[in-house]
Every structure is written in C-alpha cells, then in structure tokens.
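Q: Work out the full structure: start from the sequences and follow the hints.
4 protein chains.
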Amino acid sequence: MQVDLNSDLGEGFGAYAITDDAALLDIVSSANLACGLHAGDPEIMARVFALAKAKGVSVGAHPGFPDLWGFGRRRIPFTTGEIERLVAYQVGAAQGMAAYAGHRVSYVKAHGALSNMAEESAEVAAAIARAVKAVDARLPILAGPLGAQAQATRAAGLTPIAEIFADRAYTEAGLLVPRGQPGAVITDPDEAAARVVAMVKAGAIITASGTPLPTEIGSICVHGDSAHAVETARRVRARLEDEGISIVPFA
Amino acid sequence: MQVDLNSDLGEGFGAYAITDDAALLDIVSSANLACGLHAGDPEIMARVFALAKAKGVSVGAHPGFPDLWGFGRRRIPFTTGEIERLVAYQVGAAQGMAAYAGHRVSYVKAHGALSNMAEESAEVAAAIARAVKAVDARLPILAGPLGAQAQATRAAGLTPIAEIFADRAYTEAGLLVPRGQPGAVITDPDEAAARVVAMVKAGAIITASGTPLPTEIGSICVHGDSAHAVETARRVRARLEDEGISIVPFA
Amino acid sequence: MQVDLNSDLGEGFGAYAITDDAALLDIVSSANLACGLHAGDPEIMARVFALAKAKGVSVGAHPGFPDLWGFGRRRIPFTTGEIERLVAYQVGAAQGMAAYAGHRVSYVKAHGALSNMAEESAEVAAAIARAVKAVDARLPILAGPLGAQAQATRAAGLTPIAEIFADRAYTEAGLLVPRGQPGAVITDPDEAAARVVAMVKAGAIITASGTPLPTEIGSICVHGDSAHAVETARRVRARLEDEGISIVPFA
Amino acid sequence: MQVDLNSDLGEGFGAYAITDDAALLDIVSSANLACGLHAGDPEIMARVFALAKAKGVSVGAHPGFPDLWGFGRRRIPFTTGEIERLVAYQVGAAQGMAAYAGHRVSYVKAHGALSNMAEESAEVAAAIARAVKAVDARLPILAGPLGAQAQATRAAGLTPIAEIFADRAYTEAGLLVPRGQPGAVITDPDEAAARVVAMVKAGAIITASGTPLPTEIGSICVHGDSAHAVETARRVRARLEDEGISIVPFA
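Chains as they are written, first to last, in numbering that gives the first Met the number 0: chain A, 0 to 250; chain B, 0 to 250; chain C, 0 to 250; chain D, 0 to 250.
Hints should not be assumed to be uniformly reliable.
Any copy will do: because identical chains look the same in the list, a pair fits if it lies in one copy or spans two.
Quick list of in silico lysine-lysine cross-link-like pairs, DSBU-like style, CA-CA up to 35 Å [what the hints assert, rightly or not]:
hint: 1; residue 1: 200; residue 2: 52
hint: 2; residue 1: 54; residue 2: 132
hint: 3; residue 1: 52; residue 2: 132
hint: 4; residue 1: 200; residue 2: 54
Calculated from the structure, these hints are not laboratory results.
A: Here it is in structure tokens:
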C-alpha cells in the first residue's frame, strides 16, 4: 500500500522565507512550488527544483493570485479568462525553471484563494483545467475528492488526484470545516498523524462526527508554513510507514 | 532575397499600453514579446500570441529585468546566476502563454538594460545563453552581429541571429552610437528605410562615416515604442519589398 | 457663481502614461493625484505637484487599492482596517511629495473600486474618513452628494464636497447609472458640457428621466483617461464660463 | 551619561516577517521603520508605530530603494533626483502612518544600498538631505560619523546624528570593514557588547588595530534581522546600563 505526501514549498521571496524547504524535502514525496506571483521567485524556484531532484521528490506548479502582499489568500475578483491566463503563465514559468534545474513539473495544485474558489466553483475549476490542458494536458491536478475541482478536472479530460489534509477537520459533506470554526484545524501532530492513518486505511474521509465517506486518496497534504509543520510532516510519514504504507509520489 | 523584420511588442501592463500591437503585427515578421517582468502581463501576452498566430508572425520571448517602474532600462546589478534564472523564468512563462494561445516561442531577444549588458559583457551574454540552452536549446538568440552576445551565443552552441537597427547609427567598430550622442537616433522614417535597404543590399553594417562592415543580416529591428514607430516600420517594409526583398521570419 | 472642475491626473507609472497632465492642468481647478499604489510614482507625483503649483491648481490625494495591474478597479476584499491604513499611507505619501514640490494636499478623493465601494458602503466610507481624520482632519473629501460616502464623511466630522460627473447619467435615486447600461456614459463633449451647465444652474442632479434632484454641487469631475478627455474638459469649462460661472478650486 | 540604541524594525511584508519587532521594541530606544518600498507595508507600519508609542520608543523613517525582491540591498542606478523623490515619498508615507497610529516620525535613516551609497557619495547624501529638508527640516539624519553623509547633512543645514554599529569592525579610516572581509562582522553578542561599551566610554570609534578615532556617538545600531539580533541587543543594552549609561532616544 502506498500514498503520496505533499507540502507547499518555496513560499519565500527574496530575503523572506516561510517554509523550511530543505527539511520538508526530506519528508514529502511531492512539493507544491510557488511560481512567483503570490510567493516565490526564480532564485528559490531553482533551489527547490534542484534540491527536490536530488532527493527524488516530485514537484508540482502551485499557481496563485498575483498578490504577494496577501500571499495569495485574498479572493480577488478575476474573471475566469484572467484565471486561465494566470495559471498558464505560472505553469510555464515553473516548467522553465524546472528545465533550468534539470527537473520537471509533474502536476499542478492551485494555491490559497484560487484553490478555495476552485473547490467551490465549477467555472473557476474549469478555467484552471483549461489552462493546464493547454500548457501540458498530461499534468494531473491535485484537488479535494468531493469538491468542484475534481469534477471539473475530470470533465476537462484531465486527471484529478484526490487529496486529503492531515490537519483539517471535514464536514459531513466531506468538505473542509472552515478555518475559524471550533476544531477546524488539528494542531496536535500525533492526532493529525493518527487521523491520516485511519483515513488511508479506511479508504475514506472521516468526518467530524466520525462517519467514513469512501474515496480514493492519492495524496496527503501537510502544511509547510505552520509552526510545527516539519514535526507534523515527520510524524505523519512515520506513522504511515509504521503501518506498512509507503510514501511514493503519485506523478 | 529575404530578411526578417522584428519589433518589441506587448509592452503594456494592465491598463497601460505603449506599443500599437495590432498595427505592428501587420508589418513585422517577428514580434519580441515582453514576459511580465519589465512589461507585459498574462492578458497582453495571450492577446499578442493569438494575434501573431493569426497573422503568421513569429514570436520571441523578450526577457528583461524585473523592473516595471524602470521599464527594464535600469542596469540593476544582478549576478550572472540571477540573470540565468530570470531569463529561464521568463522564457518558460512565454512558452506557457504560447501554448495557451496556440502558438509557440521561436527565439529569444534580451530587452533594454539586459540586452545592453549582454552586448558588452561576455559573462552576461553567456548567462543568457545558458538559460536558453537549458529551457530550449533550439531557440536562436537575436543579437548584434559584432557584439559580445553573438560570440557567447555561438560559443554556447546556440544560434545567434544577426540583427541591425533601422533607426540607429553605428560606430566604426559596428556598435550602436550611444543614445544622447548627436546623430545616434534616426528619426526620419524615410532615412531609416533608405539606410536599411542600403545595409541589406550591401550585406554590411554601414558606419557613421559610411564604411561598410560586412556581416550577415538576419533581422532588422524597428522600434515599437516611439511616436512614429508604425510609420517607420511601414516605410522600412515597403522599401525593402520595392527592392524585391521579402519579409520572412527567420524562425 | 462658481464651481470647481476636477480630474484624475498623474495616472502613469514609469514609462507609462494615461492622462495628458499638462493639458488638463490648464483646464481644471483641482487635480486628483494617484499616490503610487494603483498608479503614479514619486517622479510623476513630483511633476504634477510642481506643474499644478505653477498653474494655480489645487491637488487632492487620490488613494486607491494596491493593484497596479488592475489600475485600482478590482474590488479586492480588504478589511475596513486595511482600507484605513492604505488610505493613511497614500495621503501621507502625497503630503511628502507635495512638500517636496512646494505645494500642498488640499483634499482627498478615493479612486476606482475603493470609491465605488465607499459610495455603497457606510463602513468603507467611514474607514476612509477615519484615515483622513487621523492624517489631516482639515482635508475635505470629494464624494457623490447622495451616496454613502458623503454621509459617513459628515458623520466623522469631516467636510464632504458634492461632486457630479460630466459624462455620466444618473438614476432616479441620484446615483450613477452603472457602466454597461445603455446611456450610462455620455461620450459627446457638447452634450456633457450642456448637462453640466444645466445641473449647476439648477443646483440639482438631473436624472435620466429629466427629474431634478436638488443638491449642492461643489465640483464637477471630468475624466482624464478617456480618448476625448481633454476636449470634453475644455468644452465643459468654456460652457460654464460662457454662463458666467467661474472655475475656482473648492479648497 | 546616555546614548541611543537603534534597530531596523518592521521589515516584514504581508505574511512575511524578518524582525522580532515586539521583542526589539522592549530593548531599543529608536526604531528605524521600513516604509513600504524595500520592505514594510501599511499594516506592519501601523503596528510598529502603535507599539513603539506604547513603549516610549522613537521611530525614524527608514527609506530604501523600491526593490522588495532585493530587500533594498541592490545598488540600483537611480539618479540623485530620483533618490530625492523616493526619499520624500517614503518619509511622507511614514508620517501618514505615524499620524494614523498616534505617534510621530522623529528622524530619518537610509536603508541598505541607499545608505551605503550615501556614506560614499556626497551627491547621494545631499539628495537625501534635500528630500528630508523639503518634507520636514527638523528631522535629524542618522549617519556614520566619518562618512560622506554626515558632512552632506550638515552642509544642508540638517542635523546628523553619529551612529556606530555594535556588530561591525571599523577600518583605520573609521569606515566599516566591508562584509566578506575577515572579522568584518562580530557575531559574538558579548564581544559586540564589550566593544560598544568601550567605544561609548572612549567617545571614539575603535578601529580594527585598536586605534581610537574620537567622535561624538549619538546612537548605536544593533541589527534586527540576524539570528541573534534580540540577544545581542539585550546584551548591549545591559552592559551599557551596567556602566551607568542610560538608553535614551536622541530625538
């Protein structure tokens, strides 16, 4: 049995850093790499691609809104056409940096507000899918198994990879409990690790009430930008391996 | 007999415009497209790629320094490593937008201060060549026939395309007379057109004193951002065609 | 009888220009000056302040969202606290540039999406008023006479100046007919001028159906960024002066 | 006996942080506050001003080049006129945020490459002084006692405040040993603290060879962005107080 472990990396900019890229690249099998618009720059992109290559980690383009100040977390009212072009630009830029660093872009995962909007809106999700399809139709897209993006990705003829979050609670509909609600975020690394193991073994999202919602699970996201990111990622990996589940890139 | 006619296009940003892209795309055979760092954004890039495709115009990536305020004309002291990565990023982004718009990137031409530095410095020119080679080694690079960049490009195993400027005077060494010196810039469209015809027919750069310096001429640059840009480009093309010289993309 | 004529100026950025600042400064009595976040930079700000000073034109800070790409026209979901601080920053920057150029900031007018939001939302309008009050409580704020901003400005103890638009139709409620609806924008310079004269003489907004809604009119806005901006502004001024109405800054 | 202790603060941007502002504001008497061009944004500026006010810490505007990616450390070839306007803009913006937060701007200190250039070039230093004089001629300027900036500041009729660095070695001419040379940076907090005490008590810069160069010392800079910044600042302050030297803002 195997599963992928992904994390957002390379989210610095110039002198700024947020994620401990070197430490996380020793733990995850897939790295979602910021492409320079909400975070990231050619320097950090080249470093992460090169390090990921050396460690056998797959890299995905992680496009976001052009909002460095807001770290891509503000829902800026772009049209779906603008979103298509923002995504195409960033995937292309990531491919250029990958080629430069001797690695490749293996998938796409939307960042922050763009991701949240794609999980809710079939139109936004379809715009992302059109952009990916135009630039490289072989790239799969990481998305929640029960949201709008997985559906739109499949409808566009692309491959969605079902992703669950290690540190987030799920509603009875299988969506993320919104941040800010009690229990939405799981801060205890051991609890997060235990939940992941339970969900992977059950082949299901386990909701806040304990109900299993059967789904494929292609990848587990561990956040890279929280205080205990590295520790949580390490525990999740260790617990999965203890259960005989290998950590292997999905692409 | 044939030659290419190139111009910098797509140099707007959001609500801002500088170049009359639609008019110039009816005249030139190659369009140097700003990649979003000194000018350009995904919207204008998509529009220019699509229009160029429709009109049979080749498009080159036109990378510059990340200096929108300075329009890429400030010599920012980047290291050669940073320059490599800046160029790789922009060529990749242009390829992404080309794929999105159903067209392709056919060559690379450095912009503004980056270009000036590459014409003078073998190290800067080599950095650009390394970046292009890593991203797509088939792409030729537009460069002055007698400057450092053509040499470095060839040394890197890439193809330089010799470019002359329609509206600039040349020193006896075959380099551009620096802007600001008397006679450096040719503002009369007819004079510019006549000079181009003379140089193409002679197969030589003609210096300020009238001396011909024999060289290949692969492409003629007409500037897109001056007041009489469209008119000059039109005259240059008309005069060349009058002489039986076809305007054909080099790549 | 007298009235103020205002226009948005200084909306360039680096090599980019949109407004014909020199021509408009010969026509208007008040110039709304972009402060560097949605448009404008220290160079153009210094030039406009100096030229306005020389021509006896008052200058207002014209703060907008930090969205150069969107020219401040995207409704970015900033909190009211963030809006307060964005406005305080920009008014301060404008005051610094005014002092540098030997002029002063005489009022504040919100730009684009920020202005639209302030006309609709008492909370946004109050945030702007708090910022202006903190930085310089003597500064009046230009606002539509019948929208949320005039009310919130007054409630904050600041002075709203009632502004009407020369080139826009009004609903029966005295609000702008949204762009995109038929007749929303008046493109004929003579028609715009005639409407302005009629409204100023009537002391009323005249709605699309011809109903006069009595209101103070402190200033008339002529847009600076349209194709016929200078011509429209000139006609509006000429027609007002023909009627014996002087063009005088309100502050 | 008393001296001022200053540190660069507020050097974050959006989600990014570099300096531990809250901790440093408990130690220093003056905070140099980034103004949004090389670092900083209205949010962090408002927070630092408010916290500094609450803790009785003076705040200086800390203008730098508009180069967020380079953190203001790249020597961008701006003209002296552009530098004047960049500084005026940033000092004004800082004053706006100070007014908003109920505090005030008490002095100016140039950042990074701008500071380095001002210490070497009388023209750059004079440009900064002209800007400060225009915006608020009462503001003193922090500068090295033996460099070009102190002289140019005095020549402009403004007050230079002599600043020494706690963690940097000095040449026999009293200038900073360039980073990269052996011994240029003092990383041991105790050594830094001991040096500061020796220099303040001697009223002299002590060069690498141990020679005292007598000078006024108005302020001591402790860097805020190094790994041991807070610890070094704390030791410097403690050692000075142990010697009966009070830490008091100079302005």
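Q: Next, verify each hint and record whether it holds.
A: To see whether the hints hold, each was checked on the structure:
Proximity of residue 200 and residue 52 under a CA criterion of 35 Å is satisfied intra-copy only: 30 Å inside one chain copy versus 51 Å between copies. In this assembly of identical chains, the alpha carbons of residue 54 and residue 132 lie at most 35 Å apart whether taken from the same copy (28 Å) or from different copies (24 Å). For the homomeric pair residue 52 and residue 132, the shortest alpha-carbon distances inside one copy (24 Å) and between copies (19 Å) are both at most 35 Å. Taking identical chains as interchangeable, the C-alpha atoms of residue 200 and residue 54 lie at most 35 Å apart only when both belong to the same chain, with a minimum of 27 Å there against 54 Å between chains.
In this structure, every one of the numbered hints holds.
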